[in-house]
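Enquirer: Protein chains in written order, with the working numbering: chain A, 9 to 759; chain B, 30 to 257.
Hints listed in this document are in silico derivations from the structure and should not be mistaken for laboratory results.
Don't be surprised by glycine CBs; every beta carbon is placed ideally from N, CA and C.
Misleading hints may appear alongside valid ones.
[What the hints assert, rightly or not] To give an idea of the interface, some chain B residues facing chain A are shown, with a C-beta separation under 7 Å as derived from the structure: (1) G39; (2) R48; (3) V164; (4) P168; (5) F177; (6) R235; (7) I240.
[Unchecked claim] Using 27 Å as the maximum straight-line C-alpha spacing, the simulated BS3-like pairs for lysine-lysine come out as follows: (8) K166(B) to K755(A); (9) K646(A) to K166(B); (10) K669(A) to K138(B).
[Said to hold, decoys possible] Between beta-carbon pairs, the in silico distance windows are: (11) G211(A) to R64(B): 28 to 38 Å; (12) D371(A) to T66(B): 46 to 56 Å; (13) H125(B) to L644(A): 53 to 63 Å.
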Amino acid sequence: MDEKILSAHGLTLEEYKRIIELIGREPNEVELGIFGALWSEHCSYKSSKPFLKVFPTDAPWVIQGPGENAGVVEIDDKYAVAFKVESHNHPSYIEPFHGAATGVGGIIRDILSMGARPVCAFDSLRFGDPRNDGNRKNIKDAKPIAQGVVKGIGFYGNCIGVPTIGGEVVFDEVYAGNPLVNAFCLGILEKDKMYRARATKIGQKMVMVGSATGRDGIHGATMASAEFSEETEDKRPNVQIGDPFFGKRLIECTLEVMQKSLIEGCQDFGAAGLAGSTSEFGSKSGMGVRVYLENVPLREEGMTPYEILLSESQERMLYAVDEDKVDEVLKIAKWYGLEAAVIGETTDTKRMEVFYKGEKIADLPISAIVDDAPVYDRPRKKPEYLEETQKFDQNELPEVDLKEAIKKVLSSPTIAKKEWVYRQYDHEVGINTVVKPGSDAAVLRVKWAVKPEINSERAVAISSDGNGRWVYLNPYEGGKRVVAEAVRNIYVTGAKPLAITDCLNWGNPENPEIMWQFEQATKGMADACKKLNTPVVGGNVSLYNETVLPDKRINVYPTPVVVAVGVLDKPEDAIPSFYQQEGDVIVIIGEVDKEPIVNGSEYLKEVHGKVTGDLPPIDLDMELKLSSFIRENKKLIKSAHDVSDGGLITALLEPAFQEEKTFGLNINIETKHRPDFELFDELRSIIVISTSKNNLPKLEEEAKKIGIGFKVIGKVDNDSKLTLKVGNAEIEENMEELRKNWEKTLKELLD
Amino acid sequence: MKFGVAVYPGSNCDYDTYRVIRDVLNEEVNFIDYRETNIKGYDCIILPGGFSFGDYLRPGALASHTPLTGAVKDFADKGGLVIGICNGFQILTEAHLLPGALLPNAHGKFVCKHQYIKVENNNTPFTNNCEKGQVLKIPIAHHDGNYFVDEDTLKEMEDNGQIVVRYCDKEGNITDEANPNGSIKNIAGVCNKEKNVFGLMPHPERAAESILGTDDGIYILKSILNSI
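Full structure from sequences and hints, please.
Expert: Set out below in structure tokens:
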């Protein structure tokens, strides 16, 4: 077999030999295409699988863990939420608008296939630093990529009617040639009405519904499993084109046939197209599948069976339907203006048999395609750079002008206000968004009128985090911290954290240093999940986030994006991020007397131009204490915001910038440490809260009882002035001026 | 009072509108499919927000040629109350039930925010529960909300009191800064001469419960109840 043909399918010679062993003969071209797609890193997790086993996946409230299209977690006696985050990185560099748009469409269909009404989306985005545009060689500017991605997300989400209620946007040069676009969706369902991607009987019909199949996106999965190089531009035709108008009708059609109990199982068409969804259907059902390609509704003429089987055309869904209900399902699909056809059935052969106009063109054991994909124990080695970064001593940093440093950090694109992004997303359709973008977590009511009627008194809180810099500097600790940070953003709203979903965005797994980061980070994440009792209920892995240039390879930071979900008894209970009233007392709680460390901080990067330093271990017991303190005392706490990117000073200032009002602040932090360290450390577990004077003694008593630090450091003023004392340093500044620094950056860089 | 909420393929505020009328106003409400021609028995038809027919061609263009929109025209001709919200407003202008057109936002981007609007005419079935000059805070979310109409028609509309609401700041000042999409004269919503057909870009149904940040939309919804 010609290695060129193999590599076009993303297969190695070794893998080809394994195929022959498994099926006892040479595969034909169509079969080779099926293996190429299903054995791709994207579909098979062949490099990452062994390490994902360390994640805890269970808790009493988990209904469905990893392995289905999304995880499902109960939120009260009757209702559950289905959610998952997934990457769409590779397509988004090649074609930012459509790449991002189809990412949103794909994750919405994953949620839908569980039988849930998709009610909100989140997007976690990472781009190159637009301040560097024009200075890169062989890499595109970050600005048009960011513009295209944000527009694409808005285009799809706004049209399909699923509000994009939050997310994060980070700018760093490591993402310039390989932006990260991770899309999350959450849906709501009655917990005993969950669907899964499987047939329930032999002889059940497989009905394909949605948009007609075209040539777009053939080999998308293979593309997503290779590094970027100059040839990547040629892969533009591999990017799928999404149509949210079809997506919207597919939601309504699918929920209707589910509500009428007309279908038994449901699977969306994602990576590897028809080959992927039918074989996974067979595998999960423990059955075989017979597929008739001539029945597939096509968008263009002259498509070969190979193309029909591997097309990744969007907005398509596969239902398992009992024969006597097929007509009704087809009728409903037609009512919604969708293409629909019976394209096959389940069999007792455990084989995938594909026919085209009477001829059998593929005949493979499903286990060979799905279960017997190779799993690699790739070599791992501690990266050399760590020796250098772990030696870093912050005490060697020169002293800086504090006021200038504050402005610099506040206006850095990663810290700056993200209004430019979320204004372009409809974040309110569905009339459930109680806490809107711009807070630690978004809070959503759990209500829906029809298909299905949902009426929970509770609310869910959602937050995403993924500090790749931390994981780069200490993969194990960084992994722990990323989970803790996402979970912290949930509990600062007063919600009870329930579970997480993650998207692991990594570089080239064939590089032992990168695999070592992967092993360490997943271990750290798993340890944090166990301790915090937030199991991983789903997610995905995206490898080969690497840019190959003529003279070097750039890998993204190892970036696990974690989306945490929690539950509140009532939406009214949500604690705001913002200060509420002048005269209120500002308190910091948690590790308030611990030595501050600016390693890996935004301050170190923006002000000193360094990404270095080791991370101290995070105290997860402290996290648990803070979590229960806030939940138990939420009636006494008027605002809460955690210290993270940008440090304590950012966490003190941001809550003063209410949508329509800017508060003044009078802060006095007594400390024996260097003021810049005190203000910019991001590694202590500290929450900034505000409370009324009357409730202060009671809160302090509760903090003492539970054993967390409690330090009153100032008060909220009405004069729009910042008066800050930290150690011996004193700063005065107009709050409006600081707000301008924080607000203007993205508009200036991206508009 | 009986409301009908139009459902075009791609409508996406239909459920929200339905839920608010049913659960907040406690009034009777039905969905009406875009293929329907019989809309007898309704007191008010709402064309909801969304992306009818995927905004193919132009927002509202295809929806304006459906059987239901034809029936809505007859209903309006006979004096029935019709309110078009966001995409519904676009459908009403495309169907010539309202003058003018909604162009892409001047800044070229979708915009979603809480917006202040000022009631210019409270002598309509949709604003009679408001004070003249009252400032309401109501969410907007659109890509094509840039209202345009030729000068002569504009003059005529102003003389007839057809300019119902304009974008303004918190204090009610009609300024360029307060204009979120470039609309001519900050126009946010207009009615026909007879005042029984009203279209606006802001979403009153998103402003019907204080937990969502504002319940000023109730002023508009209650006005409709007053009118029947």
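Enquirer: Is the straight-line distance between the alpha-carbon of K669(A) and that of K138(B) 27 Å or less?
Expert: 25 Å, holds
Enquirer: Quick one, is the P168(B) hint okay against chain A at 7 Å, beta carbons?
Expert: 5 Å, holds
Enquirer: Between the beta carbons of D371(A) and T66(B), is the distance compatible with 46 to 56 Å?
Expert: 52 Å, holds
Enquirer: Taking 53 to 63 Å as the stated bounds, is the beta-carbon spacing between H125(B) and L644(A) within them?
Expert: 58 Å, holds
Enquirer: Checking one constraint from the list: CA of K166(B) to CA of K755(A), max 27 Å. Satisfied?
Expert: Given that 27 Å is the threshold and the Cα spacing comes to 24 Å, the pair holds.
Enquirer: Given a cut of 7 Å on the nearest C-beta pair, is the interface hint for V164(B) held or broken against chain A?
Expert: 13 Å, violated
Enquirer: Can we keep the G39(B) interface hint, with Cβ of chain A closer than 7 Å?
Expert: 5 Å, holds
Enquirer: Hey, does the R48(B) contact hint survive, CB to chain A under 7 Å?
Expert: It holds, given that the least Cβ distance between R48(B) and chain A is near 4 Å, below 7 Å.
Enquirer: Is the gap between the beta carbons of G211(A) and R64(B) within 28 to 38 Å?
Expert: 36 Å Cβ-Cβ, so the 28 to 38 Å window holds.
Enquirer: Is the straight-line distance between the alpha-carbon of K646(A) and that of K166(B) 27 Å or less?
Expert: 24 Å, holds
Enquirer: Go through the hint on I240(B) and say holds or violated, using the shortest Cβ distance to chain A against 7 Å.
Expert: 6 Å, holds
Enquirer: Please verify that hint: R235(B), Cβ, nearest Cβ of chain A, below 7 Å or not.
Expert: 5 Å, holds
Consistency with the previously given hints fails for numbers 3, 5, ordered from lowest to highest.
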